[in-house]
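As given, the protein sequences belong to chains F and X, one line each in that order. The first sequence lines up with residues 3 to 264 when you count with the working numbering. The second sequence lines up with residues 429 to 731 when you count with the working numbering.
Treat the hints with caution; some may be incorrect.
Unchecked claim - Cut-off 27 Å, straight-line C-alpha distance, at most; resulting in silico cross-link-like pairs (BS3-like, lysine-lysine): (1) Lys465(X) - Lys441(X); (2) Lys209(F) - Lys128(F); (3) Lys82(F) - Lys572(X); (4) Lys167(F) - Lys156(F); (5) Lys603(X) - Lys728(X); (6) Lys93(F) - Lys582(X); (7) Lys582(X) - Lys572(X); (8) Lys245(F) - Lys582(X); (9) Lys93(F) - Lys465(X); (10) Lys603(X) - Lys515(X); (11) Lys37(F) - Lys175(F); (12) Lys151(F) - Lys175(F); (13) Lys156(F) - Lys174(F); (14) Lys245(F) - Lys33(F); (15) Lys572(X) - Lys245(F); (16) Lys245(F) - Lys37(F); (17) Lys464(X) - Lys245(F); (18) Lys239(F) - Lys515(X); (19) Lys602(X) - Lys515(X); (20) Lys582(X) - Lys519(X); (21) Lys33(F) - Lys143(F); (22) Lys167(F) - Lys128(F); (23) Lys239(F) - Lys635(X); (24) Lys81(F) - Lys464(X); (25) Lys434(X) - Lys464(X); (26) Lys603(X) - Lys245(F); (27) Lys441(X) - Lys572(X); (28) Lys239(F) - Lys209(F).
Derived by calculation from the structure, the hints in this document are not laboratory data.
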Amino acid sequence: MNIMECVDLRVLELLSMDGKEFFILKLSSPKWAYKTGQFVMVRPISWGYDPFLPRPFSIANLDEEKLEIFFQVVGRGTKKLAELRPDDMVKVWGPLGNGFEIDESLPILILAGGMGIAPFLGLIKKHPHPENIEIIFGHRKDISCYPLKNISRKILIWTIRDRTKADLLRLKKAIRVKIEGYSSDGQIFACGPLPFLDMVHEVCVTKKTQLQILLERPMACGIGVCYGCSIPGPFNKNFQVCKHGPVFGCEELSTFCEHKGF
Amino acid sequence: MDLSVKIGNLLLKNPILTASGTFGYGIEFERFGDLKKLGGIVVKGLSINPRQGNMGDRIAETPCGMLNSIGLENIGIRAFLDNVLPKLPYKTTPIIVNLYGEDIHEFETLSKITSERDEIAALEVNISCPNVKQGGMQFGQDEKSAAKVCEAVKRHAGSKVVIVKLSPNVTDIKKIAKSVELAGADAISLINTIPGMAVDIYMRRPKLTNVIGGLSGPAIKPIALRMVYEVLQIVDIPVIGVGGICSVEDVFEFILVGAHAVQIGSATFTNPALCFEIVDSLESMALKLNINSLEEYRGKLLI
Chain F
3 MNIMECVDLR VLELLSMDGK EFFILKLSSP KWAYKTGQFV MVRPISWGYD PFLPRPFSIA
63 NLDEEKLEIF FQVVGRGTKK LAELRPDDMV KVWGPLGNGF EIDESLPILI LAGGMGIAPF
123 LGLIKKHPHP ENIEIIFGHR KDISCYPLKN ISRKILIWTI RDRTKADLLR LKKAIRVKIE
183 GYSSDGQIFA CGPLPFLDMV HEVCVTKKTQ LQILLERPMA CGIGVCYGCS IPGPFNKNFQ
243 VCKHGPVFGC EELSTFCEHK GF
Chain X
429 MDLSVKIGNL LLKNPILTAS GTFGYGIEFE RFGDLKKLGG IVVKGLSINP RQGNMGDRIA
489 ETPCGMLNSI GLENIGIRAF LDNVLPKLPY KTTPIIVNLY GEDIHEFETL SKITSERDEI
549 AALEVNISCP NVKQGGMQFG QDEKSAAKVC EAVKRHAGSK VVIVKLSPNV TDIKKIAKSV
609 ELAGADAISL INTIPGMAVD IYMRRPKLTN VIGGLSGPAI KPIALRMVYE VLQIVDIPVI
669 GVGGICSVED VFEFILVGAH AVQIGSATFT NPALCFEIVD SLESMALKLN INSLEEYRGK
729 LLI
């Protein structure tokens, strides 16, 4: 099951959620088995020497037909990705990282901030018991920017648009209330921007709740050799986010969070 | 076709090596190609004790390249020798350890420890890392200290080939190269990264927490090529070209100016199978160039 390889995939389709900033990239399927939370390194062949580095993306979905990545245009690389056309070739290596430890018999609470919803899209679609999933989704942009339209009606989703400090406090309160129910017999997964994760981490540490956090860091290789994504862990040891993560237990990230996400 | 090259008493089956810091400890790449194919594997810089490296953001993309300020995070020489080295295909592929000491004494110790291991083919002495406070580039910027480190390593290295990796951040690379040659180096690899920086105008912050980092990638290839060329005007020991090599054509550029071998560095980040693919295309490239051996092409730049 633990395969990892580098392949050239064909662009099947590039869908924009909003016509400018949010995209779903569909590539021909590498037919890998993957775990929710694992990621791939992506680099279009047409990039040549520039942009130089590949980009890491969570696997949003992967089946026999396609590999899907959900991305937002935030810089040069993602801007170029948004220019891809069908039949363009893209170098992809993966599946990378550890992924979430999921027990499908337990209820799941997903805490996602913005693009942090990306790694959960496949899980939401494929979970055998969608009624066991609850999502708290904090987002800056309009909800239509995120591919949540066709999710099962059995999934309970609370969306909170956070544009102000008050919104963020509301989000924090909602999370604090919700995690209570899941702390004893359920699983909690989180992914989102650092301030969001920092807040989730703080709530869970205070409540002594188990939590799995997917962390996002800049990476050059994705396979544990460039050491660009290292973060400080306990006992003066580093974690390589690409190799030891990107999913970490709450306690593993305490040192990192003390540094306030650097 | 015979693609082999000799670096001192070290025989490489082809001139393709991996550059330290871009190929991990080697085993990470087993999934992407056959390690036995490579001319040699240069592993990540190793120090006596494990190092955590620098804090914060340590990589930033730049035009046709990247900056890094990792600061030599590594597992330490012991962990490498005990846990990693036995897993590498040392019988078929020379393993070259890149050594980093904060002072001469540490370099001596590292040289002693590593020379005792038969699985290791050669030592690459890192006196050119721009991202550490002690040692590193400091040694490589002064002829005398560069020579001292080289002598110290050589003294304890036994029969191992000693390669000294030079920094481009010097006034005259020829002088440094000559001094390490005189100090007994068997070969020279150049260049290490070039100090550079990148800033974010919106955040008003440097992109690297360390502010300054080392520039690598195809952006620096012309500088590497020039330095390899210059150094070869005045030394007789083999030179290993490093810096922005991305293709088999790039490999032959370095051989044309006189390099014996090359190291593939940051380009590996753009394609983890790149060094294997380059090895596979050496022969067809040689045919295209109408040559039967690397020797007949090496240093044959028409000026």
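Structure-based check of all given hints:
no., hint, result
1, Lys465(X) - Lys441(X), "holds, 8 Å"
2, Lys209(F) - Lys128(F), "violated, 30 Å"
3, Lys82(F) - Lys572(X), "violated, 48 Å"
4, Lys167(F) - Lys156(F), "violated, 31 Å"
5, Lys603(X) - Lys728(X), "holds, 23 Å"
6, Lys93(F) - Lys582(X), "violated, 43 Å"
7, Lys582(X) - Lys572(X), "holds, 15 Å"
8, Lys245(F) - Lys582(X), "violated, 36 Å"
9, Lys93(F) - Lys465(X), "holds, 22 Å"
10, Lys603(X) - Lys515(X), "violated, 39 Å"
11, Lys37(F) - Lys175(F), "violated, 30 Å"
12, Lys151(F) - Lys175(F), "holds, 25 Å"
13, Lys156(F) - Lys174(F), "holds, 24 Å"
14, Lys245(F) - Lys33(F), "holds, 21 Å"
15, Lys572(X) - Lys245(F), "violated, 41 Å"
16, Lys245(F) - Lys37(F), "holds, 14 Å"
17, Lys464(X) - Lys245(F), "holds, 24 Å"
18, Lys239(F) - Lys515(X), "holds, 23 Å"
19, Lys602(X) - Lys515(X), "violated, 38 Å"
20, Lys582(X) - Lys519(X), "holds, 23 Å"
21, Lys33(F) - Lys143(F), "violated, 33 Å"
22, Lys167(F) - Lys128(F), "violated, 35 Å"
23, Lys239(F) - Lys635(X), "holds, 24 Å"
24, Lys81(F) - Lys464(X), "violated, 39 Å"
25, Lys434(X) - Lys464(X), "holds, 17 Å"
26, Lys603(X) - Lys245(F), "violated, 42 Å"
27, Lys441(X) - Lys572(X), "violated, 34 Å"
28, Lys239(F) - Lys209(F), "holds, 26 Å"
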